[in-house]
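Each protein sequence line maps, in turn, to chains W and D.
For any residue, its number in the working numbering is found by taking its place in the first sequence, counting from 1, and adding 21.
For any residue, its number in the working numbering is found by taking its place in the second sequence, counting from 1, and adding 148.
Treat the hints with caution; some may be incorrect.
FRET-style restraints, in silico, Cβ to Cβ [to be verified]:
1. W:Ala99 to D:Glu231: 42 to 48 angstroms
2. W:Asn54 to D:Arg337: 42 to 48 angstroms
3. W:Ser63 to D:Asp301: 35 to 41 angstroms
4. D:Lys356 to W:Leu45: 29 to 35 angstroms
5. D:Cys180 to W:Leu45: 35 to 41 angstroms
Calculated pairs, DSSO-like style, for lysine-lysine (alpha carbon to alpha carbon, straight line, at most 27 angstroms) [stated by the list, open to error]:
6. D:Lys356 to D:Lys283
7. D:Lys356 to W:Lys59
8. D:Lys156 to W:Lys74
9. W:Lys59 to W:Lys74
10. W:Lys74 to D:Lys280
11. D:Lys283 to W:Lys74
Anything over 12 angstroms on all C-beta distances counts as not near chain W; from chain D, calculated [to be verified]:
12. Glu187
13. Thr208
14. Leu226
15. Gln290
16. Ile297
17. Gln395
18. Gly400
No lab work stands behind these hints: they were computed from the structure.
Ideal placement from N, C-alpha and C gives every residue a C-beta, glycine not left out.
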Amino acid sequence: MPENRPAERQPNSAADESGTDWPLWEIFIRTQNGLAHKHAGSLHAPDAEMALKNARDVYTRRNEGVSIWVVRSSDITASSPRDKEILFEPANSKVYRYPGFYDVPEEVKKL
Amino acid sequence: MNAAAADKPLFEYVLRLGDNCLILSQRVAEWCGHGPVLEEDIALTNVALDLLGQARLWLTYAGEVEGRGRDEDRLAYLRDAGEFRNVLLVEQPNGDFGMTMARQFYFDAWHYFLLRDLRNSRDERVAGIAEKAFKEVSYHLQRSTDWLIRLGDGTPESHERMQRALDDLWMYTGELFQMDAVDTDISERGVGIDLEGLRGPWMEHVTKTLTEATLAVPGESWMQRGGKQGVHSESLGYLLAEMQFLQRAYPGAQW
Numbered sequence: 022m023p024e025n026r027p028a029e030r031q032p033n034s035a036a037d038e039s040g041t042d043w044p045l046w047e048i049f050i051r052t053q054n055g056l057a058h059k060h061a062g063s064l065h066a067p068d069a070e071m072a073l074k075n076a077r078d079v080y081t082r083r084n085e086g087v088s089i090w091v092v093r094s095s096d097i098t099a100s101s102p103r104d105k106e107i108l109f110e111p112a113n114s115k116v117y118r119y120p121g122f123y124d125v126p127e128e129v130k131k132l
Numbered sequence: 149m150n151a152a153a154a155d156k157p158l159f160e161y162v163l164r165l166g167d168n169c170l171i172l173s174q175r176v177a178e179w180c181g182h183g184p185v186l187e188e189d190i191a192l193t194n195v196a197l198d199l200l201g202q203a204r205l206w207l208t209y210a211g212e213v214e215g216r217g218r219d220e221d222r223l224a225y226l227r228d229a230g231e232f233r234n235v236l237l238v239e240q241p242n243g244d245f246g247m248t249m250a251r252q253f254y255f256d257a258w259h260y261f262l263l264r265d266l267r268n269s270r271d272e273r274v275a276g277i278a279e280k281a282f283k284e285v286s287y288h289l290q291r292s293t294d295w296l297i298r299l300g301d302g303t304p305e306s307h308e309r310m311q312r313a314l315d316d317l318w319m320y321t322g323e324l325f326q327m328d329a330v331d332t333d334i335s336e337r338g339v340g341i342d343l344e345g346l347r348g349p350w351m352e353h354v355t356k357t358l359t360e361a362t363l364a365v366p367g368e369s370w371m372q373r374g375g376k377q378g379v380h381s382e383s384l385g386y387l388l389a390e391m392q393f394l395q396r397a398y399p400g401a402q403w
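Taking the hints into account, I'd like the entire structure generated from these sequences.
As structure tokens, then:
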């Protein structure tokens, strides 16, 4: 249904937020090859390219990273804290989802 | 090494490299705590610290070449304006953010091509310092280039300010490529490079960036010169008064 597309969505520009403020970006940093990107914090920048550069200056000053992702904070859909019980509590009563019913052989150091 | 045997041209040459970094570092550091936004404040300070680190390496080496026992600190804090060898561009006041970025952009583009070639210097120390600094300066150039494009192709006001800053500082760019006896001597020995040769790539980068930024490349004009020979604008005196205050007021004070 192409007609139903939310046409009001603005492109990434400084003007689409309140006045002259730059939009907020969430910063994800991979600290080592093989590890996943981890949320490091957020910052303001006029666009994605500058957000990457600002992230480099704000969050990798002490050699913390090998890769950076930046995401517009407004593009993140988050679960509501109010929904915590509905979302997570049912898992508590389902112990069979844990792999705790297997005997681990002695020789296996790490699982 | 005794003073008579000291390599005077090499000392001068390395001093120029170090003073460019030191003075620009001090200028950029004036933004510390005054950046337009927190992120930019940190970024500017990072650039200033990179340049300070480079200045330390160059000045330490200059002191060794001179062989009169002057270390980085004595060279930085106990020389007067007339003994500084930086180009006039780097001592120009910060002005607004556009002026600071225009100065940075002109300098970074030159610094980038200079260090790129100095990495092949026949002098191992020069090549080594250039190698380390080149990575930092590659980033500086990316940043200032990005800013030029964003401010030039931004709002009418940012465009106008950026253009004015570029025009105002243009007369200080000629000195970057001007060769004197020291440059010629060091270049012929394969230690330094022919600065005239940097003009082409520098101009190409500047033209490409300004075109993308919808800005005009400033036209022919009278070019200022003299910084490399120790003839500076009055603004250097004020900069040194602040930078050297502690050592002048309390000689020999230790941290």
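Item to check | Hint check against the structure, violated hint numbers in rising order | outcome: When the structure is compared with the hints, numbers 1, 3, 5, 7, 8, 12, 15, 16 turn out to be violated.
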